[in-house]
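Chains as they are written, first to last, in this note's numbering: chain A, 1 to 318; chain B, 1 to 233; chain C, 1 to 362.
The following label-pair restraints were derived from C-beta to C-beta distances:
#, chain 1, residue 1, chain 2, residue 2, range
1, C, Asp84, A, Arg124, 15 to 23 Å
2, C, Leu28, B, Ala36, 57 to 65 Å
3, A, Leu156, C, Asp84, 32 to 40 Å
4, C, Arg262, A, Leu21, 34 to 42 Å
5, A, Ile242, B, Val35, 50 to 58 Å
6, A, Val104, C, Gly80, 43 to 51 Å
7, B, Ser51, A, His227, 53 to 61 Å
8, C, Ile55, A, Ile242, 36 to 44 Å
9, C, Arg262, B, Ala36, 19 to 27 Å
10, C, Val254, B, Lys124, 27 to 35 Å
11, A, Phe301, B, Ser199, 56 to 64 Å
12, B, Ala36, A, Leu21, 56 to 64 Å
13, A, Ser240, B, Gly62, 33 to 41 Å
14, A, Ser240, B, Ala121, 43 to 51 Å
Worth flagging that the hints you see were computed from the coordinates, not collected in a lab. Every residue, glycine too, gets a C-beta built ideally from N, C-alpha and C.
Residue-level listing of the chains:
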Amino acid sequence: MRRTILTKVLLLIPVLFLVSLGTFLMVDLVPGDIGVQVLGPNASVDDYARVNRQLGFNKPILERYGSWLSHTVRGDLGKNLVPPIETVTTRLARAFPVNLELAVLALAMAFAISVPLAMWSAYRAGSRFDRFVSAATFGTISVPSFLAALLLVLVLAVNWHIFPLGQWARPTAKGWATNLRFAFLPALTLALQEAAVFTRLLRSDMIATLQEDYILAARAKGMPTWHILAREALRPSSFSLITLSGLSVGRLIGGTIIVEQVFSLPGMGSVVINAAQKNDYPLVQGGVLVIAVVYIAVNLFVDLMYGYLDPRIRRVGV
Amino acid sequence: MIFQDPISSLNPRQRVRQIVAEGLEIWPDLAGGDVAGRLAEILDAVGLPRSAADRRPYEFSGGQCQRICIARALVLDPTVLICDEPVSALDVSVQAQILNLLEEMKARYALSMLFIAHDLAVVKNVSDRVIVMYLGKICEVASPDDLYRRPAHPYTRMLLESIPEPDPTQARASVTETGEPPSPLAPPSGCRFRTRCPSAVERCAVEEPMVRAVGSGHFVACHFPLHAVGGPS
Amino acid sequence: MSELALVESLETAPPEHRAGRSRRAGLLQAVGFLAVGVAAVALGLTEMTHVAGLIKVPTVLVGLVALYLACDRVAKAVWGASFDTGFWMSLSWLVLLIAAAILAGVLPLGEYKNSAKTIGTPGNLRPDLFSRHPLGTNNFSLDLLSRAIYASRVSLATALFAVVVSVVIGVTIGMVAGYYRGWVDTVVGVCTDTTLAIPALVLLIAIAAILGVPKTVPEAIVKEGGALAIVGIPTVIRLARANTLAFAGREFVVASRALGARSRRILFKQLLPNVMLPIISYAFIIIAVLIVAEGSLAFLGLGLQQPQPTWGNMIAEGTLSVLRQYPHIPLVPGAFMFLTVFSFNRVGERARQRWDPRQSKM
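Bound-form chain A, shown alone (with noise of 0.2 Å):
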């Protein structure tokens, strides 16, 4: 067991290196003077200059390199290019509790959805009810994020006004309440997607547990329905699920750009996608390299938790 852990964490070295040396040569590749690029055609010879070397272009590649290294890996991600100039963990700091109340926030609703429409469903395979849902899930999943938050907006901001748009309120700023209402829409969206997910796959693997002899054993015996489906049939199909909610997790964190676009989210991915229109590189190489880390850092996570929690494994490798 801590052999496992042993080579995975080592196998992260490479990749980590690999992720970090990719959005430090983001810079590199852009074609053109960067300074030309951050700051338009028509700054003056010393704006160009300072730009030039704030980013360290002066000095040879792995020089560079080698100092940026230096200092990413002791939290400096130094500072970004186009005004308001701040320190991009600062901007970066500020985003992450966003993308992770949405993240917490969209898991739990589609655990919440998922579970109860996958174990009926299971229950009572091939109803009409069942496949309603496999048709519904099936739709949901082919519905893209932006699409599917557009929607939302429609029925339940515009034209009925349940929940407000546009912005975001900090719960130390404004209190939760006001904070969910911002919320609820935007993680709405992701939990469906998520849920759509879950649901099929919970629904197979339930389907094939409830087939095993000891189920059969159970009802014998006089259990009541929701007893079965709870308690004994949830938490052998559940394994594929806890994978699966694991990495969903590192995509919420990761991958919501979409959603705090249409939401206009102050998220870690509208960090990244203002930087990116705005050319401003230090800013969308910190952010990417936070987000690609902290996705690195979940998906080893749940790995482990996963070796843990399997019985099998955990016997077998100890």
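Model the placement of chains B and C on the given structure of chain A, informed by the hints.
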């Protein structure tokens, strides 16, 4: 070579014609130019209809698939044919057909066959010479009659005694209790069979027995063979 | 009553009668659904009645579902109960769309790009099936139906280009890694893990930011297609490698080697046909994902710019104020995109059931 699972031995995406003629494609000099003729000839020899050439493996039964495998193996006119448990996966009635086919091929193409099997009845039927092996080492070599009537190695005797006797009135041979076979990754020192052998002594753990003759054409690798060296054959 | 008569009276109708009865019931249902469907779609998509936009949208939805059910009942009545209506309708949509995309130049469509030509046309027209602009116009008076079809060219061509590149490169690398194993496999593994470690959209955005915004359709196909291929190749490599591993252990490979075949022959003749089949069935689903990804890029403003239409940037026209008044402007391209992605998924699901029975969970 022909293998145990006839269906998985055939590429599901190829037609029979391509499967059987593969050897001829790899070695075009051996084909002698007439690939189609050779193909028809070999399909006839193994008892498949000419129309089989254009069909896919999933359209055939297990026995027919094994015939296709035999055709593929023989199309290059080999001198040696290695058969890795070719009938174990087949129905008993089909087993007989395939064994007869192999006999026929042996005669027709002057083949030497290395036939690997677990079923003692099959072995006795098919072989001119039987080699008994245990955990990768040769235990005994003999003609089928000699082996079955007078086994010299304790393992051979154990195998023969394990054959179930269908006649309930016949007395059952006593099978000495021997336990589980050891792991092939860590075989016992000296003679590998010693952990299950009723006649084992300290010498068996120290010194690995060499293959020696115990009769004409009868060899055994045991320190204490069941009948003495140089006895009547 | 004699026993024989009793038995005869209890006999149920012979099977042909029963089948005929259910067929008739199906056809009756079909007529009912057809009526509901036509009425609903007419209500939603024409200017016959002045109904609020919000009522129209679900009405059209209900109408389309009813029409689908009508087709389903008719098809099952004619071809039997095992007819897979969803699959065939998806296939028909795709064929129709691809035909429309190829023939767009010769079809009698409205103006899709040059707003100078549409000064006389009123803008923000609602869909009206019997007018000159069946699906309405946008803010610049450009015909939505025609824009949606021209936009499909970009999406379909980009996705197709990306899939072909992904499959060619991915299968080659995956098969080599899976067959030769060793250090090649490890290096390939690290590279794919790295690429998969970054969330796909972030990677796409980064690549798009480097390559810059495309200005013409062919440029978009190559640039966006290339970016999508880079993101898609690791998945294909993993698939190809897994399938290669599975098939390389099969006995027909050993038999081939025993006959004297060399590695190249085994890779091409024995393994490739077997590995390609599940990958091709996966290709449809990959296309669906790529269309969504390309749409996301366009929605974020990183794809082709207006007035060149892509589904993504057409949906992006649906800002808050537009949504309130003219929901059809983003919903028409949305519907096109949804139907296309759904159809690719549906066809791919069926292809996968036939050719890759191992992975049919999701």
